[in-house]
Amino acid sequence: MSSPNSLPAGPAGKEVRRWTRFTPAERVGRSLVYLAAVIAIIWSVKTIEVIPEFLYDAPAQTLDLFARMWPFDWAFWPKVVDGLIETLHTATLGTILSIILAVPIALLAARNITRSVALNSIAHVLLVSSRSVNSLIWALLFVAIFGPGALAGTLAIAFRSIGFVGKLLAEAIEEAQKGPIEALTAAGAPPFAILTKGYWPQVEPSFWSVALFRWDINVRESAVLGLVGAGGIGVALDAAINNLYWDQAGLVLATIFAVIVATEIVTSSIRSRIIQ
Amino acid sequence: MNMQPDAAAAADRSLVIRNLTKEYRAGQPVLKGISVTIEGRGVTAIIGPSGTGKSTLIRCINRLVDPTAGEILFQGSDLAKLSGVELRQARRRIGMVFQEYNLVERLSVIENLLCGRLGYVPWWRTLTRRFPDEDVAHAFELLDAVGLGDFATRRADALSGGQRQRVGIARAIMQNPDVILADEPTSSLDPKTSVEIMEILDRLAGERGIPVVVNIHNVDLAKRFASRIIGMARGTIAFDGPPDALTEAHLIDIYGGEGWLE
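Keeping their order, the protein sequence lines are chains A and B.
Here the first sequence is numbered in my numbering, starting from 1 and rising by one per residue.
Here the second sequence is numbered in my numbering, starting from 1 and rising by one per residue.
It is possible that part of the hints are untrue.
Claimed, not checked - List of simulated lysine to aspartate or glutamate pairs, EDC-like, C-alpha gap at most 16 Å:
no.: 1; chain 1: B; residue 1: Lys32; chain 2: B; residue 2: Glu86
no.: 2; chain 1: A; residue 1: Lys178; chain 2: B; residue 2: Glu105
no.: 3; chain 1: B; residue 1: Lys192; chain 2: B; residue 2: Asp220
no.: 4; chain 1: B; residue 1: Lys223; chain 2: B; residue 2: Glu207
no.: 5; chain 1: A; residue 1: Lys178; chain 2: B; residue 2: Glu100
no.: 6; chain 1: B; residue 1: Lys223; chain 2: B; residue 2: Glu199
Unchecked claim - Distance windows between CB atoms, simulated:
no.: 7; chain 1: A; residue 1: Ala118; chain 2: B; residue 2: Asp78; range: 28 to 38 Å
no.: 8; chain 1: A; residue 1: Tyr34; chain 2: B; residue 2: Gly27; range: 13 to 23 Å
no.: 9; chain 1: B; residue 1: Thr153; chain 2: A; residue 2: Leu119; range: 51 to 61 Å
no.: 10; chain 1: A; residue 1: Pro191; chain 2: B; residue 2: Ala152; range: 49 to 59 Å
no.: 11; chain 1: B; residue 1: Ser227; chain 2: A; residue 2: Trp19; range: 33 to 43 Å
no.: 12; chain 1: A; residue 1: Arg111; chain 2: B; residue 2: Gly256; range: 44 to 54 Å
no.: 13; chain 1: A; residue 1: Pro191; chain 2: B; residue 2: Glu134; range: 21 to 31 Å
Claimed, not checked - One side only, chain A facing chain B, incomplete, derived with CB under 8 Å:
no.: 14; residue: Ala25
no.: 15; residue: Ala172
no.: 16; residue: Glu175
no.: 17; residue: Ala176
no.: 18; residue: Glu182
no.: 19; residue: Leu184
no.: 20; residue: Ala186
no.: 21; residue: Ala193
no.: 22; residue: Thr196
no.: 23; residue: Gly250
no.: 24; residue: Ala254
no.: 25; residue: Ala258
no.: 26; residue: Ala262
These are computed hints drawn from the structure, not numbers from a lab.
Ideal Cβ placement from N, Cα and C applies to all residues, glycine included.
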């Protein structure tokens, strides 16, 4: 990949110019990186401690599991539907709440709106803390505070999403073109009008795109929150697995899969329509 | 917002710049103590090579750039010292036309014009797009005047460069300004459209007795439309006079070299 390309020797007395992609030092450095990568892979495989007996009968176990899931236990369907509706509500309310909380933080984080390094940093710390905690951990926290149920799930979804929505929104705001902002400033527009008439039209496509994408993710995330007691279809899944009713668990998993495919179709069609 | 008669307004519409200095980096002035009085009528063209501070001068007037030192006297106040609400109120009286038009691309043409009223209309009314009827009527009149009557509900990003600049000019007029600043309004346009844009700017401002200060690269356009030409070079004023008085010697002094004049 880095062979020296030498030009044919030129007329007598003219120096032949050579070109190589990397300097010798860079080539040594790159070889070291490759070596380190190989060592890291070998080390990690040793660390995960594969148990040969379990590995050998894994195909049989998998087939057995699927066999026990089919046919689905349709008597369980009403509970699945209840859980599903709760999951969708959790995802939707959580997304709306996260947007309400993320917009002010995004405005604080955007350096072209808030010209204070201290406030920018505080906002970024808030965004990073929201994102660095998994929604299951947020859910455990809120279940401890508010007790089990969809309220804890909604808050978990909201707090996990603030970082995602806020970060992408802040970036969209920072990428807004300065020209129109300058024009409105020059016309004597007050700061709020500059936000709504200068920035908002520019940020709007990203805003809806981020909101839809996050809702899509949140439907998936809220489906598993029931495993820690935060409501939704996950509660039904948890109960089925604990009771070893694999025909019920299979029904729940198939439903979750269908819902995820449906939200994917819905969000992508809305996105292509409203975002121009 | 009261419209004064043109004759009386002329005195109000003049700009007095004294010892204006701007340093983006300390010790490296772009503007070196500019002093000039711009009367409240007609088109004043500022010519000069790129990087000589024409744009900085114009942007200091409405404080898109903060001057380092000096005074800009306009309607009884020193623009260089204003801030907050006072600065915003002063800016309402100063229209601006930009090289890159600076329209809000995703808004309709009519709403871009109404953006010129943002300094006057309370923000909660602009939020719900309830602009006063007389502003909307004025916007439609101006659209007709710049030949874009059929484009009111088109989005700004669907227009050509020349059409966008007409919207830019109409937006500036919407402010009912007492002076219009134009920063290279024709530099992104082809020669024919450039002339049309200057004609529209000259006509609309002339009808309303609004003085225009325009930065322009094209010396011929400057001579054709301006009643006064200010030549800037090296951060100072190298020529100031009527177009007829601008000689080749002046142009060589302003731009340097002479091969380009052939």
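Hints violated by the structure (numbers, ascending): Of the numbered hints, 1, 4, 8, 9, 10, 11, 12, 14, 15, 16, 17, 23, 24, 25 and 26 do not hold.
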